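Work out the full structure, taking the sequences as your base and the hints as a guide.
Here is what each chain is made of, one letter per residue.
Number of protein chains: 2
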Amino acid sequence: MKHNFGAGPCILPKEVFQEASQAVLDFDNTGLSILEISHRSKEFEAVVIETERLVRELLNVPHGYSVLFLQGGASQQFAMVPMNILPEGAKAAYLDTGVWASKAAKEAKKVGQVEVVASSSDRNYCYVPKGYEIPSDAAYFHFTSNNTIYGTEVFETPKASIPIVVDMSSDILSRNINVADYDLIYAGAQKNMGPAGVTLVIIKDDLFGKSGRTLPTIFGYEAHAKAGSMYNTPPVFSIYVSMLNLRWLKAKGGIAVIEQENIVKARTLYDEIERNPYFRGTADVADRSRMNVTFVMDTPELEAEFLALAKERNLIGIKGHRSVGGFRASIYNALSIGSINALVDAMQEFEEGKK
Amino acid sequence: MKHNFGAGPCILPKEVFQEASQAVLDFDNTGLSILEISHRSKEFEAVVIETERLVRELLNVPHGYSVLFLQGGASQQFAMVPMNILPEGAKAAYLDTGVWASKAAKEAKKVGQVEVVASSSDRNYCYVPKGYEIPSDAAYFHFTSNNTIYGTEVFETPKASIPIVVDMSSDILSRNINVADYDLIYAGAQKNMGPAGVTLVIIKDDLFGKSGRTLPTIFGYEAHAKAGSMYNTPPVFSIYVSMLNLRWLKAKGGIAVIEQENIVKARTLYDEIERNPYFRGTADVADRSRMNVTFVMDTPELEAEFLALAKERNLIGIKGHRSVGGFRASIYNALSIGSINALVDAMQEFEEGKK
Numbered sequence: 001m002k003h004n005f006g007a008g009p010c011i012l013p014k015e016v017f018q019e020a021s022q023a024v025l026d027f028d029n030t031g032l033s034i035l036e037i038s039h040r041s042k043e044f045e046a047v048v049i050e051t052e053r054l055v056r057e058l059l060n061v062p063h064g065y066s067v068l069f070l071q072g073g074a075s076q077q078f079a080m081v082p083m084n085i086l087p088e089g090a091k092a093a094y095l096d097t098g099v100w101a102s103k104a105a106k107e108a109k110k111v112g113q114v115e116v117v118a119s120s121s122d123r124n125y126c127y128v129p130k131g132y133e134i135p136s137d138a139a140y141f142h143f144t145s146n147n148t149i150y151g152t153e154v155f156e157t158p159k160a161s162i163p164i165v166v167d168m169s170s171d172i173l174s175r176n177i178n179v180a181d182y183d184l185i186y187a188g189a190q191k192n193m194g195p196a197g198v199t200l201v202i203i204k205d206d207l208f209g210k211s212g213r214t215l216p217t218i219f220g221y222e223a224h225a226k227a228g229s230m231y232n233t234p235p236v237f238s239i240y241v242s243m244l245n246l247r248w249l250k251a252k253g254g255i256a257v258i259e260q261e262n263i264v265k266a267r268t269l270y271d272e273i274e275r276n277p278y279f280r281g282t283a284d285v286a287d288r289s290r291m292n293v294t295f296v297m298d299t300p301e302l303e304a305e306f307l308a309l310a311k312e313r314n315l316i317g318i319k320g321h322r323s324v325g326g327f328r329a330s331i332y333n334a335l336s337i338g339s340i341n342a343l344v345d346a347m348q349e350f351e352e353g354k355k
Numbered sequence: 001m002k003h004n005f006g007a008g009p010c011i012l013p014k015e016v017f018q019e020a021s022q023a024v025l026d027f028d029n030t031g032l033s034i035l036e037i038s039h040r041s042k043e044f045e046a047v048v049i050e051t052e053r054l055v056r057e058l059l060n061v062p063h064g065y066s067v068l069f070l071q072g073g074a075s076q077q078f079a080m081v082p083m084n085i086l087p088e089g090a091k092a093a094y095l096d097t098g099v100w101a102s103k104a105a106k107e108a109k110k111v112g113q114v115e116v117v118a119s120s121s122d123r124n125y126c127y128v129p130k131g132y133e134i135p136s137d138a139a140y141f142h143f144t145s146n147n148t149i150y151g152t153e154v155f156e157t158p159k160a161s162i163p164i165v166v167d168m169s170s171d172i173l174s175r176n177i178n179v180a181d182y183d184l185i186y187a188g189a190q191k192n193m194g195p196a197g198v199t200l201v202i203i204k205d206d207l208f209g210k211s212g213r214t215l216p217t218i219f220g221y222e223a224h225a226k227a228g229s230m231y232n233t234p235p236v237f238s239i240y241v242s243m244l245n246l247r248w249l250k251a252k253g254g255i256a257v258i259e260q261e262n263i264v265k266a267r268t269l270y271d272e273i274e275r276n277p278y279f280r281g282t283a284d285v286a287d288r289s290r291m292n293v294t295f296v297m298d299t300p301e302l303e304a305e306f307l308a309l310a311k312e313r314n315l316i317g318i319k320g321h322r323s324v325g326g327f328r329a330s331i332y333n334a335l336s337i338g339s340i341n342a343l344v345d346a347m348q349e350f351e352e353g354k355k
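Line order of the protein sequences matches chains B and P. First residue of the first sequence: 1, per my numbering; consecutive thereafter. First residue of the second sequence: 1, per my numbering; consecutive thereafter.
Take the hints with a grain of salt, since some may be wrong.
Pairs count within a copy or across copies, as identical chains cannot be separated in the list.
Stated by the list, open to error - In silico SDA-like cross-links for lysine to any residue, where the CA-CA straight-line distance does not exceed 25 Å: (1) Lys319 x Ile49; (2) Lys2 x Gln22; (3) Lys250 x Arg275; (4) Lys319 x Val116; (5) Lys110 x Glu301; (6) Lys204 x Asn60; (7) Lys319 x Gly228; (8) Lys226 x His321; (9) Lys14 x Ile49; (10) Lys109 x Gln18; (11) Lys311 x Glu133; (12) Lys109 x Asp122; (13) Lys110 x Ala139; (14) Lys319 x Ala342; (15) Lys2 x Tyr132; (16) Lys109 x Thr214; (17) Lys14 x Ser41; (18) Lys91 x Arg213; (19) Lys42 x Leu309; (20) Lys106 x Ser211; (21) Lys204 x Ala286; (22) Lys226 x Gly253; (23) Lys311 x Asp284; (24) Lys42 x Ser21; (25) Lys14 x Asn29; (26) Lys14 x Gly31; (27) Lys250 x Ile49; (28) Lys210 x Pro13.
Rather than coming from a laboratory, the hints here were simulated on the basis of the structure. Predicted model, so just to flag it, every value in this text is computed and none were measured.
Rendered as structure tokens:
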């Protein structure tokens, strides 16, 4: 068995793969593949409705928010957010906590003015800035709740008098959030929601048309909301697999249960990193991510050796991103504590071998 | 066995479903699902490279064109085309041959000026306008090569001194085309290329940045071309299944072979429509589509009766679009002549039953 620590697209539950595989041959006893059914069929309409219902239920989405399934990932949201809610001449406020946060700001600058309120680039994004001011005259404030590359996470939602927009691509559905704290949440599905190819957007309806700009219909959130995410042909299979995965999460007990598991998984791994003299965490302790655990060696020459051992032990995808180096273990919802233990075992085996 | 005449997402070859189903469990003997592998893994990079190579080979794409796999379907191309190649103050020329052609023009109007050079709306789009003039001062000319709803197809590429853009969503890879006749070809995959969730764009490189507009990076073709369709996380599974389908097409003998089959399939069905006194084709004979065969009854009261018989005979998806009524048989590449014969048999059975 392989332990998939990849950063995304990433591990999903085995049961989901099995059901999805079956549906590619025969979807819901229709005698047709999920890949050949019409998106307008009553069978697929039921899938979209259930997927939306599960998102609403699991995240406890309040009244007055739309739940959309779009395409183009977070990268397309970097553009759609300002196009939809940044009026001509107005400015937006961005928090810079890494490559993706910075890209979001850079793309927004192609649409309007951007003020970066704080940045942790001074220490290679190993922490989350605090104590910054959010300008009350900005159209909105944007931040990234989990920084996949650097292994930091924002657990406390910034308070502001202006709309708050968050890119939750890599930690949505991994912990309890209060949706009402945000005005717009977006997330590429390919971490905890489903496979690549679909993007979740949860938007407060009063943001529709807020920028006053004339946009092609497909780039406005409202058309998608009105059409129940069927304005154009949706990514049928990616939505279907997301539904299977959300069903799995619900059957497990929902966010409260998965959050406890994620806390235990992260603690187990961080504890070993702290204990083991060969490894060292890269993120400040207070801001350590529960989804992406980044760590290096004090003796970088040994890193290749540990990677080789990891490979032998079927630990996949733990090479760190080039911006941080070392290792990154992405420990999303579907990764079991058993896989964490397998990694910890390998770290201890490595230590033993050096004695 | 079901005969899937759905308009799209639509039938793909059984072999493709089988291989795709297997890859959801174990992709390419990696021990991982195609749904959990990194898009940056060497295994998936090989998939993107092969998919592009197959498109280039099957369509004989000349040097100087980029082949891109994007998201958002033709609907997103309705916006991206003018954003990329319609300069501020310039106008674009559009041919109106149906709902989708008309939507393309409508969306372009949100970006710049549009001149509709001709329309067949006067006769509910049952023909393709001819003899119109394409203004040489327009930035480009746009048309739709196959009109899924109305069952018409443009077999002769319009000649113009300006760039030609074509929406080939529903007939790409079904017949021989000369790519050099076009400057930009786009197609939602979900007819003859693959499942929903990926969009094919074939663009002449000298169109990059042609509009001179400042665009969010993700909406410019050039960034996708430079990144080999990996500017952002691509729709992994939809590209993978497209590759399987293109392999199938190549193994069959490529476009020349499938085009002959499609000609025979269409002729067989149109012949029966002409022969059978209960049915009547809706499109002008010269412009009849080989992909979507639209027909009605002279006695509309009998249509429900034929639909019931079709259902009994496992003929799926033949109800016509509400704009035309009656029936529509979509007979894409993967639909066998056996399925055409099953439909013809049902039509004859219906006729017999009335004697």
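These are the hints, each one checked on the structure:
1. Only between protomers do Lys319 and Ile49 lie at most 25 Å apart by alpha-carbon distance; the minimum there is 24 Å, versus 38 Å within a single protomer.
2. Within a single copy, Lys2 and Gln22 get their C-alpha atoms as close as 22 Å, and across copies as close as 17 Å, so both meet the 25 Å cut-off.
3. In the homo-oligomer, the alpha carbons of Lys250 and Arg275 never lie at most 25 Å apart, since the shortest distance is 35 Å inside one protomer and 56 Å across protomers.
4. In this assembly of identical chains, the alpha carbons of Lys319 and Val116 never lie at most 25 Å apart, being 31 Å within a copy and 55 Å across copies at closest.
5. In this assembly of identical chains, the alpha carbons of Lys110 and Glu301 never lie at most 25 Å apart, being 42 Å within a copy and 57 Å across copies at closest.
6. Proximity of Lys204 and Asn60 under a CA criterion of 25 Å is satisfied intra-copy only: 14 Å inside one chain copy versus 48 Å between copies.
7. Taking the shortest Cα distances, Lys319 and Gly228 sit within 25 Å of each other only across copies (23 Å), while inside one copy they are farther apart (40 Å).
8. Proximity of Lys226 to His321 under the C-alpha cut-off of 25 Å is restricted to the inter-copy arrangement: shortest distance 21 Å between copies versus 40 Å within a copy.
9. Taking the shortest alpha-carbon separations for Lys14 and Ile49, only the intra-copy value of 24 Å comes in at or below 25 Å, while the best inter-copy value is 28 Å.
10. Taking the shortest alpha-carbon separations for Lys109 and Gln18, neither the intra-copy value of 44 Å nor the inter-copy value of 46 Å comes in at or below 25 Å.
11. In this assembly of identical chains, Lys311 and Glu133 lie within 25 Å of each other by CA distance neither inside one copy nor across copies; the values are 45 Å within and 64 Å between.
12. For the homomeric pair Lys109 and Asp122, the shortest alpha-carbon distance inside one copy (22 Å) is at most 25 Å, but the shortest distance between copies (45 Å) is not.
13. For a Cα distance limit of 25 Å, the shortest separation of Lys110 from Ala139 qualifies both inside one copy, at 16 Å, and across copies, at 24 Å.
14. With identical chains, the CA atoms of Lys319 and Ala342 are at most 25 Å apart within one copy only, with a shortest distance of 16 Å there and 55 Å across copies.
15. For the homomeric pair Lys2 and Tyr132, neither the shortest alpha-carbon distance inside one copy (43 Å) nor that between copies (62 Å) is at most 25 Å.
16. Proximity of Lys109 and Thr214 under a CA criterion of 25 Å is satisfied in both settings, with 18 Å inside one chain copy and 10 Å between copies.
17. Proximity of Lys14 to Ser41 under the C-alpha cut-off of 25 Å is restricted to the inter-copy arrangement: shortest distance 20 Å between copies versus 27 Å within a copy.
18. In this homomeric assembly, Lys91 and Arg213 come within 25 Å of each other (Cα to Cα) both inside a single copy, at 14 Å, and across copies, at 20 Å.
19. Taking the shortest Cα distances, Lys42 and Leu309 sit within 25 Å of each other only across copies (20 Å), while inside one copy they are farther apart (50 Å).
20. In the homo-oligomer, the alpha carbons of Lys106 and Ser211 lie at most 25 Å apart both inside one protomer (18 Å) and across protomers (21 Å), since each shortest distance falls under that limit.
21. Taking the shortest Cα distances, Lys204 and Ala286 never come within 25 Å of each other, neither inside one copy (30 Å) nor across copies (51 Å).
22. In the homo-oligomer, the alpha carbons of Lys226 and Gly253 never lie at most 25 Å apart, since the shortest distance is 31 Å inside one protomer and 44 Å across protomers.
23. With identical chains, the CA atoms of Lys311 and Asp284 are never at most 25 Å apart, being 28 Å at best within one copy and 63 Å at best between copies.
24. For the homomeric pair Lys42 and Ser21, the shortest alpha-carbon distances inside one copy (21 Å) and between copies (23 Å) are both at most 25 Å.
25. In this assembly of identical chains, Lys14 and Asn29 lie within 25 Å of each other by CA distance both inside one copy and across copies; the values are 21 Å within and 16 Å between.
26. In this assembly of identical chains, Lys14 and Gly31 lie within 25 Å of each other by CA distance both inside one copy and across copies; the values are 24 Å within and 12 Å between.
27. Only within a single protomer do Lys250 and Ile49 lie at most 25 Å apart by alpha-carbon distance; the minimum there is 16 Å, versus 38 Å between protomers.
28. Taking identical chains as interchangeable, the C-alpha atoms of Lys210 and Pro13 are never at most 25 Å apart, the minima being 39 Å within one chain and 46 Å between chains.
The structure fails hints 3, 4, 5, 10, 11, 15, 21, 22, 23, 28 (numbered hints given earlier, in ascending order).
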